[in-house]
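Student: Kindly produce the complete structure, drawing on both the sequences and the hints.
Residue numbers (my numbering), protein chains in the order written: chain A, 62 to 567; chain B, 124 to 442.
The hints are simulated quantities; they were obtained by calculation from the structure and are not laboratory data. Check the hints yourself; a few may be wrong.
Which residues of chain A face chain B? A few of them, derived with a C-beta cut under 8 Å, are [said to hold, decoys possible]:
1. L74
2. I281
3. A375
4. P376
5. G398
6. E400
7. P402
Quick look at which bits of chain A chain B covers, simulated, 3 or more residues with Cβ under 8 Å [stated by the list, open to error]:
8. 202-213
9. 345-358
If we take Cβ atoms under 10 Å as the criterion, some of the chain B residues that face chain A in the derived model are [as the list claims (entries may be wrong)]:
10. V128
11. V133
12. S166
13. A182
14. S200
15. E336
Built from N, CA and C at the ideal position, the CB exists for glycine as well.
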Amino acid sequence: MTSTRVSPAAAVLTPGREVGVAVIGSGFAGLGLAIRLRQQGETDFLVLERGDDVGGTWRDNTYPGAACDVQSHLYSFSFAPNPDWPRTYSGQPEIQAYLRSTAERFGVYPHCVFGADVTDARWDDAARRWRITTTAGELSARVLVSAAGALADPVLPDIPGLGSFAGTVMHSARWNADHDLTGEQVAVIGTGASAIQIVPAIQPRVVGLAVYQRTPPWVIPRGDRPVRPAARRTYRRFPAVQRAVRGALYASREVLVVGLAKQRRFLKPVGKLARAHLDGQVRDLQLRAALTPDYTIGCKRILISNDYYPAVSAPNAELVTAGIAEVRPHSIVTRDGVERPTDTIVLATGFATTDLPIAHRITGRAGHTLAEAWAGGMVTNRGTAVAGFPNLFLLVGPNVGVGHTSMVYMIESQLNYVLDALATMDAEGLAVLETTPQAQADYRQLIADRSQGTVWLAGGCGSWYLDEHGHNTTLWPDFTFRFRALTRRLDRENYTGTPADAEVAA
Amino acid sequence: MSAPVQRRTVAVDAGDGALLHTTVEGSDAAPVTLVLAHGWTLSQAAWDDVATELATDVAAGELRLVRYDQRGHGRSSWGETEPVSIDLLGEDLVQVLDRCAPTGPVVLGGHSMGGMTIMCLAANHESLIGSRVRGVALVDTSAGDVHRPPRTRRGRLQARLQPGLLAAAIARASLVERLRRLAPPASPAHRKVVRGLLYGADATDAMVLRGAEIMHATPVRVFATFYPALGEHDKRQGLAALTRVPVEVLVGEEDKLTPVRHSRQLAQVLPDAVLHVEPRCGHMLPQERPGLVTAALRRLLSAAAGDEAVAGGGVTTPP
Chain A
62 MTSTRVSPAA AVLTPGREVG VAVIGSGFAG LGLAIRLRQQ GETDFLVLER
112 GDDVGGTWRD NTYPGAACDV QSHLYSFSFA PNPDWPRTYS GQPEIQAYLR
162 STAERFGVYP HCVFGADVTD ARWDDAARRW RITTTAGELS ARVLVSAAGA
212 LADPVLPDIP GLGSFAGTVM HSARWNADHD LTGEQVAVIG TGASAIQIVP
262 AIQPRVVGLA VYQRTPPWVI PRGDRPVRPA ARRTYRRFPA VQRAVRGALY
312 ASREVLVVGL AKQRRFLKPV GKLARAHLDG QVRDLQLRAA LTPDYTIGCK
362 RILISNDYYP AVSAPNAELV TAGIAEVRPH SIVTRDGVER PTDTIVLATG
412 FATTDLPIAH RITGRAGHTL AEAWAGGMVT NRGTAVAGFP NLFLLVGPNV
462 GVGHTSMVYM IESQLNYVLD ALATMDAEGL AVLETTPQAQ ADYRQLIADR
512 SQGTVWLAGG CGSWYLDEHG HNTTLWPDFT FRFRALTRRL DRENYTGTPA
562 DAEVAA
Chain B
124 MSAPVQRRTV AVDAGDGALL HTTVEGSDAA PVTLVLAHGW TLSQAAWDDV
174 ATELATDVAA GELRLVRYDQ RGHGRSSWGE TEPVSIDLLG EDLVQVLDRC
224 APTGPVVLGG HSMGGMTIMC LAANHESLIG SRVRGVALVD TSAGDVHRPP
274 RTRRGRLQAR LQPGLLAAAI ARASLVERLR RLAPPASPAH RKVVRGLLYG
324 ADATDAMVLR GAEIMHATPV RVFATFYPAL GEHDKRQGLA ALTRVPVEVL
374 VGEEDKLTPV RHSRQLAQVL PDAVLHVEPR CGHMLPQERP GLVTAALRRL
424 LSAAAGDEAV AGGGVTTPP
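Tutor: Spelled out as structure tokens, the structure:
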């Protein structure tokens, strides 16, 4: 839908290209950094994008019904407000259009290299630069920023026989719009945030829909409505009004953190709301029981939808709770010995979140990859810097994720931090800036302490928030304004800097 | 793993906007198909116990089992046809047959309003009986005269007030639903009413709870709009076609909704039908005596499958 539009002229990698800052990815994070750099008058940077346009997760997730769970007034850049959001909650096409137009408006496109999948990035200690190999050519950079994100690489489930399936298999993040589901028997595997948007979008046109559920999500009503033209005019004429709306939305969502991370009893009213939503929409008591989670609300991401429950209880739908035993060429067999004929399998099975795939491609000072350095768990200073990986900054890295509010807020916090680091390097004339192992250990302890007693650890569920050791490695476990405070300025005391004129160690 | 059982969920288009939530189990190559129609304010779940008994037949490839929710009930939607009638449900059943069992011999089983549904199909589509439909089980049902003219003054008063009450219930459905939620099936008072109305002496608490749960899921609109339709149902003169196929009539001795006289009347109209009156049971035989109901269905199924084997033999064997 968006690829039909022609992107403005982009950059091309010429051999031996050297830049000040190389940014991996052009989603909200990479784009945000590029815009902030442009706003500072900086031009010595490139954005390396494996796709053919900006947008990241919002470019890739084109499945039917794709939309954001956070109101658009909040889920957008504070420095690029959009008074013209058509609805309170936007769909993927509107968000992608916003990202494109914003990138265009701030002159980011000339800095983007498309089709540039970063296959390898190595710290060259002698040159004090990152040597980066991409599918579009090579370059070197003084500073490398990975804005590759956590919801970038689809996870394919390990189901016996999936490879032998003769019909179409597609992951929600790799939707094939040319494949017509009309008249098909369709299986949707998974009941997470993507699935509950896909299921109602495709249910009316398929012949039969089987939703394979492992753990039911908690679902609350979606207060989505059109934004009245008068309101849009007001936002355009008085940007302060839109800022106030944004602030109110932020505050109302932040209240949830009290229940999620501090006192779980404050989640009770939210749980009641979700129960009432389910009871009001699903009359069949057996189906209702199958859709009722057995863990505390908030432990897994709280989903919002008004049409998921009606869709799974539609005349042509079936919720399957028996686990999948195997996939056959034309069917799926569950562990209770039932075989359901299937034409298309939709894998709404999420993303690699606790093992960031980009970490396998970034090699630090000691010659091992970020993934190897993180073998015992992902450790960072402020979710952004890693000891042994000089001049590297991660956006949307470990423990920066949020489930209750806008990810853009967290990204903007990180942008402040990275830009202050760059400014510090310039001001002090540093060629190398690297965080200390001690700072990392301290930060890990901070995350562990604040995660104690949160619903994500104590709510009685497994989720993509936790790694295989049960540690919270994805979520920021506190109020988001506290993360903003932590990242307002570079914590210079936690970094060692090497001046540009210092001798290179032999 | 032993050979898995095929299952499909199908929304059968009834033609007027109603989509009928249908579950098809078993191989398309099975020699015979059984289609089960449930009663007023119930859903296909009312046949769960019978389906469990038949699971081995389905797994063995001997039977294809089709269950569906009548329009408005369970997960099926309403159509545009107003007012609803049992004849309309008979047309729905024809659509289910066309879509889910287009070929091969079929046995129909109907409980209560589901039995009336089959009678309507038999009366309005006589040609199907004997050709496609090779056997019929009528459980706790009636050919007509369900709401007898009241004999007491109080009864007559009730009868006069009824249309107004039903209309009010539909108009204020959301209020009625809220009141219903105050006494869910889990409450003893709710179960006591259900037991008294529908179940016989032998029914367990678990049976009553399950039945109450199924009915609790049914919207008040279904109670109110199908109630007059049940009263208008009269096929006492229209069942001639059913004399062409084996029929089993079953009823609980303590059935209060369609008392035994209704089944005796059926047995009179269908002299070859087998009548079984089960003691200590009420109106919910598929739940109260799933073994008994299944045995009757199996007799009809083996007769139907046997017919087919004979007919098939006739084709391949030279005269």
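Student: Examine the stretch 202-213 of chain A: at least three residues should have C-beta closer than 8 Å to a C-beta of chain B.
Tutor: violated (count 0)
Student: Hint validation: V133 of chain B versus chain A, beta carbon distance must be below 10 Å. Holds or violated?
Tutor: holds (6 Å)
Student: With a cut-off of 8 Å, does the beta carbon of P376 of chain A approach a beta carbon of chain B closely enough for the hint to hold?
Tutor: P376 of chain A check passes; min Cβ-Cβ to chain B is 4 Å, inside 8 Å.
Student: Next item in the hint list is E400 of chain A. Is there a CB on chain B closer than 8 Å to its CB?
Tutor: Holds, because the Cβ-Cβ distance from E400 of chain A to chain B comes to roughly 4 Å (cut-off 8 Å).
Student: Min Cβ distance, P402 of chain A to chain B: is it shorter than 8 Å?
Tutor: Where the cut-off is 8 Å and the nearest Cβ of chain B is about 6 Å from P402 of chain A, the hint holds.
Student: Can A375 of chain A be said to touch chain B, with a Cβ gap under 8 Å?
Tutor: For A375 of chain A, the interface hint holds, since the closest Cβ of chain B sits about 7 Å away, which is under 8 Å.
Student: Taking 8 Å as the limit, does the beta-carbon of G398 of chain A come near enough to a beta-carbon in chain B?
Tutor: holds (5 Å)
Student: Does the closest beta carbon of chain B sit nearer than 8 Å to the beta carbon of I281 of chain A?
Tutor: violated (20 Å)
Student: Mind taking a look at whether chain B covers the stretch 345-358 of chain A? Criterion is 3 or more residues with CB to CB distance under 8 Å.
Tutor: holds (count 3)
Student: Taking 8 Å as the limit, does the beta-carbon of L74 of chain A come near enough to a beta-carbon in chain B?
Tutor: violated (52 Å)
Student: Taking the least C-beta to C-beta distance, is S200 of chain B closer than 10 Å to chain A?
Tutor: At about 6 Å, which falls below the 10 Å cut-off, the nearest Cβ of chain A leaves the hint on S200 of chain B intact, so it holds.
Student: Does the CB of E336 of chain B sit less than 10 Å away from some CB of chain A?
Tutor: Cβ of E336 of chain B sits 5 Å from chain A, so the hint holds.
The structure fails to meet hints 1, 2 and 8 from the earlier list, while all remaining hints are met.
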